[in-house]
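Q: Residue numbers (the numbering used here), protein chains in the order written: chain A, 1 to 495; chain B, 1 to 193.
Think of the hints as simulated: they come from the structure by calculation, not from any bench.
Predicted model, so just to flag it, every value in this text is computed and none were measured.
Virtual Cβ for every residue (Gly too), placed ideally from N, Cα, C.
One or more hints might be untrue.
To be verified - Selected chain B positions facing chain A (in silico; Cβ < 7 angstroms):
#1 P8
#2 N27
#3 T107
#4 P144
#5 G147
#6 P149
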Amino acid sequence: MPDLKNIVSFPKPPAPRAAAPAPLRHVPIRDSVTTINEDGSRYFLHPADAPGRFLFWRRLSGWALILLYFLLPWVPVNGYPAVFLDIAHRRFHLFGWTLAAQDMWLLFFLVTGVGFSLFFVTALLGRIWCGWACPQTVFLEHVYRRIERVLEGDALQRRTLDAAPWTSGKIFRRGFKHAIYFLASLAITHLFLAYFVSIPDLWGFMHNAPGEHWTAFAFVFLAAAVLYFNFAWFREQLCIVICPYGRLQSALTDEHSLVIGYDEKRGEPRGKLGTVGAGACVACNRCVQVCPTGIDIRHGLQMECIGCAACIDACDEVMARVKRPTGLIRYDSLAGLTGGATRWLRPRTIVYGILLLIGASVATFAFSTVKPATFTVFRMGGAAYFVDRDSVRNQFLVRVLNKRADTATFTMAIEDAQAGVKHSGFDAPVAVAAMAEQMAPLVLVVDRKHYTGPFMFKVHVRDESGRYSVTREVEFLGPDPDLLKEEDREHGVSR
Amino acid sequence: MNQHSEEPTVRPHTFDGIQEFDQHLPNWWLNTLYGAITFSIIFWFAYQIARVVPSDGAQVDTAMAQIAAARMTSTFDVTNDAKFWEMSRNAVFVDAGRTTFNSLCATCHTVNLTGAVGPNLKDHLWLHGGTPKEIFQTVTKGVPVKGMPTWGPVLGTKKTAEVVAYVLSYHTPGEPIEVQTSYVPSAPVPPGN
Numbered sequence: 001m002p003d004l005k006n007i008v009s010f011p012k013p014p015a016p017r018a019a020a021p022a023p024l025r026h027v028p029i030r031d032s033v034t035t036i037n038e039d040g041s042r043y044f045l046h047p048a049d050a051p052g053r054f055l056f057w058r059r060l061s062g063w064a065l066i067l068l069y070f071l072l073p074w075v076p077v078n079g080y081p082a083v084f085l086d087i088a089h090r091r092f093h094l095f096g097w098t099l100a101a102q103d104m105w106l107l108f109f110l111v112t113g114v115g116f117s118l119f120f121v122t123a124l125l126g127r128i129w130c131g132w133a134c135p136q137t138v139f140l141e142h143v144y145r146r147i148e149r150v151l152e153g154d155a156l157q158r159r160t161l162d163a164a165p166w167t168s169g170k171i172f173r174r175g176f177k178h179a180i181y182f183l184a185s186l187a188i189t190h191l192f193l194a195y196f197v198s199i200p201d202l203w204g205f206m207h208n209a210p211g212e213h214w215t216a217f218a219f220v221f222l223a224a225a226v227l228y229f230n231f232a233w234f235r236e237q238l239c240i241v242i243c244p245y246g247r248l249q250s251a252l253t254d255e256h257s258l259v260i261g262y263d264e265k266r267g268e269p270r271g272k273l274g275t276v277g278a279g280a281c282v283a284c285n286r287c288v289q290v291c292p293t294g295i296d297i298r299h300g301l302q303m304e305c306i307g308c309a310a311c312i313d314a315c316d317e318v319m320a321r322v323k324r325p326t327g328l329i330r331y332d333s334l335a336g337l338t339g340g341a342t343r344w345l346r347p348r349t350i351v352y353g354i355l356l357l358i359g360a361s362v363a364t365f366a367f368s369t370v371k372p373a374t375f376t377v378f379r380m381g382g383a384a385y386f387v388d389r390d391s392v393r394n395q396f397l398v399r400v401l402n403k404r405a406d407t408a409t410f411t412m413a414i415e416d417a418q419a420g421v422k423h424s425g426f427d428a429p430v431a432v433a434a435m436a437e438q439m440a441p442l443v444l445v446v447d448r449k450h451y452t453g454p455f456m457f458k459v460h461v462r463d464e465s466g467r468y469s470v471t472r473e474v475e476f477l478g479p480d481p482d483l484l485k486e487e488d489r490e491h492g493v494s495r
Numbered sequence: 001m002n003q004h005s006e007e008p009t010v011r012p013h014t015f016d017g018i019q020e021f022d023q024h025l026p027n028w029w030l031n032t033l034y035g036a037i038t039f040s041i042i043f044w045f046a047y048q049i050a051r052v053v054p055s056d057g058a059q060v061d062t063a064m065a066q067i068a069a070a071r072m073t074s075t076f077d078v079t080n081d082a083k084f085w086e087m088s089r090n091a092v093f094v095d096a097g098r099t100t101f102n103s104l105c106a107t108c109h110t111v112n113l114t115g116a117v118g119p120n121l122k123d124h125l126w127l128h129g130g131t132p133k134e135i136f137q138t139v140t141k142g143v144p145v146k147g148m149p150t151w152g153p154v155l156g157t158k159k160t161a162e163v164v165a166y167v168l169s170y171h172t173p174g175e176p177i178e179v180q181t182s183y184v185p186s187a188p189v190p191p192g193n
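Only chain B is shown next, with the shape it has when bound in the complex (with noise of 0.2 angstroms):
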């Protein structure tokens, strides 16, 4: 261990009246310099050079993938309309449709689905199809032109589903569905009427 000497040594130049003191740098203070600069070398020849750590961008698709597995296996098949009636029957997710509904839908489709602003939903009569999967879709995409909004990125996959399976509860499979697509409750009242 080397003590100091009695007064630190002085650079041999003046700049402005000012001298510098030749002292040594705390060890501790230029290991984290070596340090940083050997962790940068193996850093560069990781990704770079040996590929050992995975490029970001494969990173990304990596994760995405797994969010896509994911979502796979937390959702269902949506185009089964089978399955949707089957879960108009289930309590459970009629009763999880029911509250979405009545604190979402109901506003213009009303409580006792009779409609209002939005059309009736308890009729044979449909705008954008009758089938469990077409009510799906018109939910998850909705129809911005009439003011339905897209509920799919709100609400999620599950939640939609429900309030499908609460909208099915008072329908029946095999009933008549009547598609009217001539029906535009926005265009204005034709002449004569």
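This is chain A alone, in the form it adopts within the complex (with noise of 0.2 angstroms):
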């Protein structure tokens, strides 16, 4: 049979199915989605419980990473929260940077780091993201999965709540669960509404009524309820089938990334206890219950496999009693469980490692090239430049903007003009106020005794507390001075 859906081919293993015993009502082959029925209907999932230190470790992760997650918008960096989007204003503080609109061009930077990130942990761990730190997998299995698991009790229990009839006991168990639910995906909506409207902001929006600002309730209904309806129900299906992260992250693995996987040599021929000529897999099939994509490992590597590392929490809690040395099936890269070793530093982790390096050191500098203020040179409306009796003019508008959360003053010096250049406008300081931009004109004149044409000049824009002091280059422009003379010889005039 071909092997159509998966990536990476592995031998199957001797008589797979025939040796088991079917303790499942669904036994996962490698050619089908376990959760995808004949008929295309939801097979819908109860893994087990698996204790163990991968799950301690992972549950730790977890709520490390929803804390973080709840703190980011709470935490105050130089005066605004760690990480404020403020999308209305177009200001983005991170970690203390503020970035205006005009600094959108860093996202470049941002996505081709986080691009070039996935290359090389991918290479050399695998899916290490999907199981312990993607919002999906924390949220599911350390927030919902644990409601779920209070108050439906373990896997057998579910399976029988699922198969019972609708009883009002039944549905009221359910409906319980699901109002938690719903209650749970409101929660975690507002907390990431907070990280683009400000917390003072979102707590008026709670207190108001829903119409005075229907847009943001109903994008935070509509969020929950889409939150909701992949919590409850959708779960694997998104990573199975919609998360082009995984797939893409398929990609990049080869025989020497570090995959959870089964050691056929150590396990085949499975056998319960006892059986003479066994290997070392005891056909308990936990690995399979405690599945939170309802794949089998001892498949081999396998598109569904999340690397939650459920199954060797499980295989190893069994090995230990059956006393047998656990890391039957562990965390080790195809070579390392075929029995070759493991190499770490190969062409591909090279190659991305320096791409990441290279990557890491551009974005340093264009991060570092962000001043906490920005002025721009506009010529003003009009004519170009304007000729006087006396003089040649033209005249700008200096904007300045100010990015800190307090006021500064700026002030400006004309740098590098030629002789006899006068200026008016900008004179004395500036105050710009936190987050706010100035206006100031700004007009220079020249003499036409000393105007020989266009030339180029320096606007220097500081503010007082020297942290920020750029110059930018103008051209003053102006006719052919000839022409000036010729006309003040019709006039008769000298000058």
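Two chains, two frames, a set of hints: combine them into the complex.
A: If you want it as structure tokens, here you go:
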């Protein structure tokens, strides 16, 4: 049979299902998605509990991440929340940095940086993100499945409840669970809305009638509904069918990337305890029962695997109980699982690593050029220059944007202008409020006597604290000086 | 609930040695497709046939009418000279106008309004009309050939009116107005001058 579904082909274990007992109603096979029945309907999984060291660390890191998500919009850094994407005012506060819409080009380095990091981490550690850090996994495993576990009991009890007729008791239990689910979804949505709306504003929204901020209200309600649907019903379908990140990662791993795998050499042939000639696998099927995506890890690396390590915990527990060495299912590379050595340093990791280093250096440089203020010099509307009885004149508007959380005072100076240039406007320091923009006209006048044609000059703007100092070159425009001399001759003026 | 049979069915054809499974798509996936098709039909019917939803053009017209209405309620009659004189005696308007004047206009007209690059605004000589509504028009539209920028789009009606009120605070209603249309500061020096 051609192997259409899996990117990495792995030899099938001999007699996979015939020898295995079938305590499950659903036996995973490699060529079909377990969670989709033959008629296209959904097979709803009830993964069993799998306590163990990986669960402990995963739960700890999951709660740490939830705490981090929660704290980022609350903890102030330099007067603003650590992460506050103020879309309404086009100001983006990131860990003390404030970026304006003008700094949007930095997004390029953010996106490429994320891309290169993904390349490197995936080549080295496989789908470590999916099992440990992805918000889908974090919220599903550590919030929603926990609620389900507390309210409806273990896998067997949940499956029994699923099959039970719809009595008033079942309706109440299910209704209660879904109400809690929806409340959790609302809480998560508000948590993430706080990234885009400041906490005081959010608090204000929550205390007003929905009609007063109906767009925010509709957004929160719809987002909560989507989250609720995702975490209550959709679950692993997102990882298997929708998430492009998971598929992309499948293309970045090779036989030396860290994955979760089954040691076929040690485990096969499977057999119950005491079977003569059997391998280490006791065919207890615990690894299948605990899998949140419904696969049998013993079939080899599969696209559905999110690397959650539940099967490692399950298998280690059984191996310890039957007094065999643990690690029959473990974090290892495909090379390591087949008895070879894992090569951490290989062309792929080296090239991805170099790309990541280059990207990180360029991004660091790019972010270091971001200034706490910015200014631009515009030529005012109307004619490019004005010729007077005695002088040639250029008019500019200087726009100063202050990106800091406090008022800053800016001074301006003209540099490198030729002799005889007088300027007015922006003579006194200009105070610009926090996050505000201020305009100041700048008029340059050159006597006809001194005028020798267009020239370049420099506008230097600095703030009084000395944290900002930038010079821009601007051109003074004017007519050909010979034309002015000719005009003077016609009128008999000598200068 | 149908369980998967042992192996999925394989379609009879083979192309380039590649065979194809015959597996059912997830129903939820198919439902998104059918839902999108249903939505497009309802959308097309509502927009194009029943016209329950106003057309894009009508929606733009409605929005523009709302903007125009909002503008009208937030502005006032800029042709009303008496209103400007009233504003010019109101400290709130005059103070606001002074702030704008000093930061933008004073570059050419000086903080004393005595003029430098731009003309004097304190005396009774006016180049483009000296009544309040004429001054307002001059500030709003500017005099691009002479270097007076069109401040209307930059400042908006309210700030422009405040600036006019500030200038008028140096004048009194009914004072003589002398319009000097012949004075052209950018003209070359006449012969013999």
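Q: Hints first: check each against the structure and report whether it holds.
A: Hints and how they fare:
1. P8: holds, 5 angstroms
2. N27: holds, 4 angstroms
3. T107: At 3 angstroms from the nearest chain A Cβ, B:T107 passes the 7 angstroms test, so the hint holds.
4. P144: Cβ of B:P144 sits 4 angstroms from chain A, so the hint holds.
5. G147: holds, 5 angstroms
6. P149: Given a least distance of 5 angstroms, the restraint on B:P149 holds.
Hint compliance for this structure: no hint is broken.
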